[in-house]
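Peer 1: Could you slot chain B onto chain S? The hints should help.
Protein sequence lines correspond, in order, to chains S and B. Residue 286 in the UniProt record's numbering sits at position 286 of the first sequence, and the numbers go up by one each step. Residue 77 in the UniProt record's numbering sits at position 77 of the second sequence, and the numbers go up by one each step.
Calculated from the structure, these hints are not laboratory results. Treat the hints with caution; some may be incorrect.
If several chains are the same, the list does not tell them apart, and a pair holds so long as it fits within one copy or across any two.
Unchecked claim - Below are the BS3-like pairs computed for lysine-lysine, each with C-alpha atoms no more than 30 Å apart in a straight line: (1) Lys54 <-> Lys401; (2) Lys380 <-> Lys404; (3) Lys401 <-> Lys337; (4) Lys233 <-> Lys334; (5) Lys337 <-> Lys233; (6) Lys233 <-> Lys335.
Number of protein chains: 2
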Amino acid sequence: MATRHLASWVHNLKYSDVPHVVVNSAVSSFYNWAGCAIGGSKHHATVIAHDALKPFFGPPQSSILGHKGKLTIDAQHAALLNGIASHVHDYDDTHLDTIIHPTGPVASALLATAEWKGGYSGQDFLLALITGIEAECKLGLAVWPEHYDVGWHITSTTGSIGAAVAVSKLLGLSEDQTVHAIGLASTQVVGLREMFGSQTKSFHPGRAAQNGLMAAVLAQGGYTSSEIALEAKRGWANVVGVTKSDLGSSLERWLGFGAGAKESLGLHTTTQPGRWETERNSFKPFPCGIVIHPIIDGCVQIHSEFESQSFDLKDIEEVHVTVHPLVLELTGKKKPKDHLESKFSVYHGAAIGLIYGKGTPAQYEDEVVQDPMVISVRDKVNAVAEQSFRADEAKIVVTMKDGKKLEKHVVHAVGSSEVPLTTELLEEKFRDQCEVVLGNSLGATSTALWNVEDVKDMRDLSSIL
Amino acid sequence: MATRHLASWVHNLKYSDVPHVVVNSAVSSFYNWAGCAIGGSKHHATVIAHDALKPFFGPPQSSILGHKGKLTIDAQHAALLNGIASHVHDYDDTHLDTIIHPTGPVASALLATAEWKGGYSGQDFLLALITGIEAECKLGLAVWPEHYDVGWHITSTTGSIGAAVAVSKLLGLSEDQTVHAIGLASTQVVGLREMFGSQTKSFHPGRAAQNGLMAAVLAQGGYTSSEIALEAKRGWANVVGVTKSDLGSSLERWLGFGAGAKESLGLHTTTQPGRWETERNSFKPFPCGIVIHPIIDGCVQIHSEFESQSFDLKDIEEVHVTVHPLVLELTGKKKPKDHLESKFSVYHGAAIGLIYGKGTPAQYEDEVVQDPMVISVRDKVNAVAEQSFRADEAKIVVTMKDGKKLEKHVVHAVGSSEVPLTTELLEEKFRDQCEVVLGNSLGATSTALWNVEDVKDMRDLSSIL
Chain S
1 MATRHLASWV HNLKYSDVPH VVVNSAVSSF YNWAGCAIGG SKHHATVIAH
51 DALKPFFGPP QSSILGHKGK LTIDAQHAAL LNGIASHVHD YDDTHLDTII
101 HPTGPVASAL LATAEWKGGY SGQDFLLALI TGIEAECKLG LAVWPEHYDV
151 GWHITSTTGS IGAAVAVSKL LGLSEDQTVH AIGLASTQVV GLREMFGSQT
201 KSFHPGRAAQ NGLMAAVLAQ GGYTSSEIAL EAKRGWANVV GVTKSDLGSS
251 LERWLGFGAG AKESLGLHTT TQPGRWETER NSFKPFPCGI VIHPIIDGCV
301 QIHSEFESQS FDLKDIEEVH VTVHPLVLEL TGKKKPKDHL ESKFSVYHGA
351 AIGLIYGKGT PAQYEDEVVQ DPMVISVRDK VNAVAEQSFR ADEAKIVVTM
401 KDGKKLEKHV VHAVGSSEVP LTTELLEEKF RDQCEVVLGN SLGATSTALW
451 NVEDVKDMRD LSSIL
Chain B
1 MATRHLASWV HNLKYSDVPH VVVNSAVSSF YNWAGCAIGG SKHHATVIAH
51 DALKPFFGPP QSSILGHKGK LTIDAQHAAL LNGIASHVHD YDDTHLDTII
101 HPTGPVASAL LATAEWKGGY SGQDFLLALI TGIEAECKLG LAVWPEHYDV
151 GWHITSTTGS IGAAVAVSKL LGLSEDQTVH AIGLASTQVV GLREMFGSQT
201 KSFHPGRAAQ NGLMAAVLAQ GGYTSSEIAL EAKRGWANVV GVTKSDLGSS
251 LERWLGFGAG AKESLGLHTT TQPGRWETER NSFKPFPCGI VIHPIIDGCV
301 QIHSEFESQS FDLKDIEEVH VTVHPLVLEL TGKKKPKDHL ESKFSVYHGA
351 AIGLIYGKGT PAQYEDEVVQ DPMVISVRDK VNAVAEQSFR ADEAKIVVTM
401 KDGKKLEKHV VHAVGSSEVP LTTELLEEKF RDQCEVVLGN SLGATSTALW
451 NVEDVKDMRD LSSIL
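Looking at chain S on its own, in the form it has when it is part of the complex (with noise of 0.2 Å):
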């Protein structure tokens, strides 16, 4: 039921059914995404996968992202290409309740797809997007937070379907070959949390890009699968989700096949709306775990005061912090070594907030992750976690040697869904990504994104990217 339901919801949804603040979020979304993808596509990882399966390219069809002068592939790899630059400086976006980074494997296969095909417009595109989105999210709600904690990456785990239903969408399968779509993304479960601090982190997304994108071609060409896999005994939701008790009720209540579930997916009709979760993503303004950005925001405005006040940072005695409890469990490395453990690293959050009043991708790069100076900051803050705070919660006391006391309470983090990310500072944040790769057509880029809505054929904008 909780399959057939989804393929059904997918297939008949129309861009009109979709409330405008919606797709106004899935707007931001797909901006924030191809930054991300942009600025992703110089990274280590990034080249490192692209050098390594550069034999097996297929023809061009499809563009990986961030390439001065068109480089094109085919579309399974660059979905798993622009997947993996587009979270690999874990600055792409949230959804609150999940902790789920929905648009990269979606985008990342959907984008390959429209350039591959060619002949869909920007609403087809966001339509689908859009689709994808909810069912991820809507799965995740399903099966969280169990599945989380158990060790699964739920970005990637959700995302081999997301991926999956939207390309059935916007390559027009039916509401059959949907459901097949769906059960043959969902037996590809891809992403263990053993692997953050690694590269392979940003595998995940990636390769759920791909994982949606096969399912999809292969059920359009007939391939079967089952149609009962979420639901089934021994399908995904019991089998990923083995911990929680009681599946088929989650299932029900947030893909709303029940009784009018208000968080069900959202619906035609104006008297059941249901909840749409795109509407809900918001963007990182750290590119780190989401769980430190309201220790960056405290330190980011403690060092303004710092400036105002001329402190030296040589002056600081100890840096304080509370936190909630997740924080120290998922980002407490002391020491961390290289730009990939500073992520996942609160100490380092605090310092380059308290030093440098910001935290871009710059501020998490090897040199910077080594600078002594940054250590020695470092190394004077200590964390403490307090049951009673918020995820996005956060105190800060930097106490100097002469005794004065400076504090921050952070109620919500700037990015939270109490003080959004405004349009600014998703444009500042693309600029920081982008102005590298971009150069003068930064400008442009930025303004093509933003009217997505109004393109003919998605292939004109990939060409701009």
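Peer 2: Frame of chain S; chain B shown alone:
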């Protein structure tokens, strides 16, 4: 420790370390695999996958087996398609302690790699194949049976890792690179048991082959992963074996880095020889779930008595079979509607044994499954579970309308470790599968496969296949 230990074992194993009886099993495993891959190359599922994915094919590097006139595509897709073909008739091999079909994922990845790169001898190939099969089966034993019970298709969940270590071995990766290859493979967990009975089941070993090949190639290029992927708290064993307790000890027992466990990985010294899982591989005499084999075996024997005593099928009143409980759980489909479902019907297995006196892929074609005569015999079959029976044991009682009874108690089915398939039967199976495809060259191909150990360059062998 488990990951490092496995990588070190793989990296250091020499051909001279492997007992010849193990090499012989590897040769039989490869022979049986090649027959299945050739025989499955014309199956609907293989053809659909080929046609659907053709737009993405890269340069000609590796053969798709079973095509007259060489058909070469990129190694990644060749691994996928040969992997699908080798499993699609459910006719491959079985490591009975885990019901893993070990050769499919490993040989599919390995042959594609050997052809792509060139210069690898038959001994290089067999040594790599053995490392892959050992890795799969040892890891399977470590998470068995909870992992399978929950709903994972253990052939492909361990197959990605087996394929990765085999390709790592063949390509000569360092121990460190092999560690990362294991990590990259372990995070790609493919295969839900819910897919049994659909074409997606055969997709699993094919995708596992690709996962492993990609993992090894990325690791060779320098892509990093966890160094404790198998044993970490949120690593492979704990995540995919979450309902099993004490996985650390289990890994230690089967990989054997504890104090000289008898079942450890085969070692280089005669004082601690370990246990070789390759030697325990078995080959299916019938193209269906292995638990049905004792029933078919018994019914084939009764068929001979029918013939010698001139009984008529129409005079059967009832066929009563007593089986291990797992038989009904896995293969209890009373009214299979097509060839895929018939593989999971103990009733169909009994009927074709009685009617045809054999069980080859021909007895599982749609026309046979839907034949009224077959249906009439199938409908007379009743199956009862008996807790005290082993999985390779069955009792069949055929009652004729005149009250006469024919009985057969199969203590160990043909193909079990007690009654292994003879070389003659393996060759007969090869002939059955490959005659249509290979025609006149069948004999030469069969001989070439048996002589794989003497091959100078595996490219020479694949040009014959």
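Peer 1: Which hint numbers doesn't this structure obey?
Peer 2: The structure breaks only hint 1.
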